[in-house]
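S.K.: Protein sequence lines, in the order shown, are assigned to chains S and V.
If you read the first sequence in the numbering used here, its first letter stands for residue 1, the second for the next number, and so on.
If you read the second sequence in the numbering used here, its first letter stands for residue 1, the second for the next number, and so on.
For the record, the hints were derived by calculation from the structure and aren't laboratory data.
Be careful, since some hints might not be right.
[As the list claims (entries may be wrong)] Residues from chain V that keep clear of chain S, each with C-beta distances beyond 10 Å, as calculated:
id, residue
1, Gly10
2, Lys61
3, Asn62
4, Ala66
5, Asn108
[Stated by the list, open to error] Result set (DSBU-like, lysine-lysine): computed pairs, CA atoms no more than 30 Å apart in a straight line:
id, chain 1, residue 1, chain 2, residue 2
6, V, Lys61, S, Lys372
7, S, Lys372, V, Lys125
8, S, Lys372, S, Lys68
For each residue, glycine too, the CB sits at the ideal point set by N, CA and C.
These are the residues of each chain, in order.
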Amino acid sequence: MATNSSDVLIIGAGASGAACAWSLADAGFNVTCLDQGGWMDPQSYPTTHLDWEIHRQTDFHPNPNVRKLPEDYPVNETDTPIAPLMYNAVGGSTIHWSAHFPRLHPSDFRVKTLDGVADDWPVSYQELEPFFDLNDQIMGVAGLQGDPAYPPKPKRQTPPLPFGTPANVLIKGFQNLGWHWWPSDTAINSQPYDGRPGCNNCGPCDLGCTIRAKASTDVTYWPKALSRGVDLRTRCRVRELNVGRDGLVNGAVYYDSSGTIQQAKADVVVMACNGIGTPRLLLTSKCGRYPNGLANSSGLVGKNLMFHPYTMITGFFNEPMEGYKGPSGCSITSHEFYETDRARNFIRGYTFQVSRGTGPAHVAQGGKESVKIPWGPSHREIFSSRYDRGVTIVVAGEDLPEECNQITLDSTLVDSDGIPSPKVNYRLSDNSRNMMEHGIKSAAEVLKASGASEVKGDILTRQTGWHLLGTARMGVNPETSVVDKHGRSHDIKNLFVIDGSIWVTAGAVNPTSTIQALALYISDFMKNNARHILD
Amino acid sequence: MRITMGESDGIMWKFLSEVQRKTMTAVLDTILPAGNGLPGAGQLGIGQYLDRVIGESPEMKNLFSAGLSSITMASEEKLGMGFCELGDEDKTNLLKEIEENDSIFFRNLILHAYNGYYTNPHVLKILGLGARAPQPQGYRLESDDLNSLQQVRNRGQIYRET
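So that you can see chain S by itself, here it is in the shape it has in the complex (with noise of 0.2 Å):
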């Protein structure tokens, strides 16, 4: 078995991942990242081929259990109505992304003070702001600056994606009833950017970007962390991290790309498989100093896990939308019900974004608001009634966090080398429900208020559960948290978490500008700490 030394070892390859591997890099860290997908080839993405909308059924689809690619591993959600969703490879789940790339509200770092509720965080968003700006500048962010539902931004580094037909009509709704709006900060270029060219308004992002507008890591920081001598090692899949007679993490087992069993031994060792990987790994690590697996002395590894529930609601209009042109998840968006209001029956808020047209296939097979085209003498005029007629309103609400909803180690089910497979238990809190009902309903008024003649879709949609959140919290308590303010386990001073796992709460905005900043921050704290991090 080959063995070799790191500084710091990273474990997955997307979001955070890169994010960490360049910046410890970039200050002269010897840093090693084992990931078990490999590179993608932009000119492969289905966006290139006729039958592009069949991919997304199949090899593209979102959710592994349904994709079944050699680097996925198997999931259990047969108890939870949110499907999580993920990719394994160079860039991770950005690699499937919409590139939506709103930050937290400053309140959302403080919910236990504003609103009774939850926890506050041990970081405020004014400490993250500079890594936020930073974050911004490498994965290129099109917008406008002066957004009145967050603090000030600097200029961001393109500008607004073209609204398209369906946002144009939508904002003269907005403006009837005098809601928020705003152009949606968006991590795809509309323009040139870092040698990346603008968009062409293709349409189907979580597809993949075979032109490199869209920014996923692979396209973004890799190339930066590759040139600074990050050794990233693809197709090689963790089975356990490895602890020393110290207590110590010094490094991980794994697959690598021949099936051959490797070591790794770092120094250090970062989590970066989001929210359901890393505490599956913490979890199946456990070992005879930590029987309850590793960072778990306060039973929290895998609970207070968080979605962010969506619903889809579609506005049908008698006009042609043009929909298929452009980013398909991004144009604008309204934090109009962001904040709690106590008048409302629920705590916390929720975001809409406004989002284009989607493909004839996936309109006829029932389209985002999954109401499906029936078949025979009344198809025809059904379909022209709904293809590209269609805007959709995304309502991605709060999830707060509730221990029930957890990630385990299923008792039978294993991935293709035998590492037991993650189990999902989640249910919806009264309080999200009523936050998806209140929703539903402003997401209609916005839509009739926009013109539209007929308003479908009011469920829970299931394959959304792409935002991964909580599974080991951040805390100055090391008895209701995980890791501290700096990602570092409270257990083993030399194992950190830098990606969604560690969210004390989930906000109602998609979550990779701060799971990326947060990234930033937390190796500010290991390259300025680096000499004391085993002390």
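Assemble chain V onto chain S, guided by the hints.
M.R.: Coordinates of chain V only, in the frame set by chain S:
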């Protein structure tokens, strides 16, 4: 005895026999009939797409073998003639019964009929998308007048301080 090869029309059929092709064409024209400038799915030749999909999987071959057979048998037993000879209304009603009695087969039939039809270049062209994939051409979009944001700005800060 003259043996007709599966490739008599130039296509290498993987699963559907000559008789089954005729039934499938009629079934597809019932599921997605012509209208609004679009051809019927059978007429358009989507049977070929289904043949390829079915032919790739033993489970699908089994499912469609039984499923197509059930359509033929139901038609002959209840209405005394083959499915292709029925009138449009009888075809629709018969398929509705099949849908109720054999939901797994029917669900797969609809899934692949819709997929094959709505990714066909002829259909994409009529729908205004062009007979092409999204890349490498993409689409053109104009940039926007952002003056309407003044109303939002005028409202002022909507985030909570901490």
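S.K.: Which of the numbered hints above does this structure break?
M.R.: none
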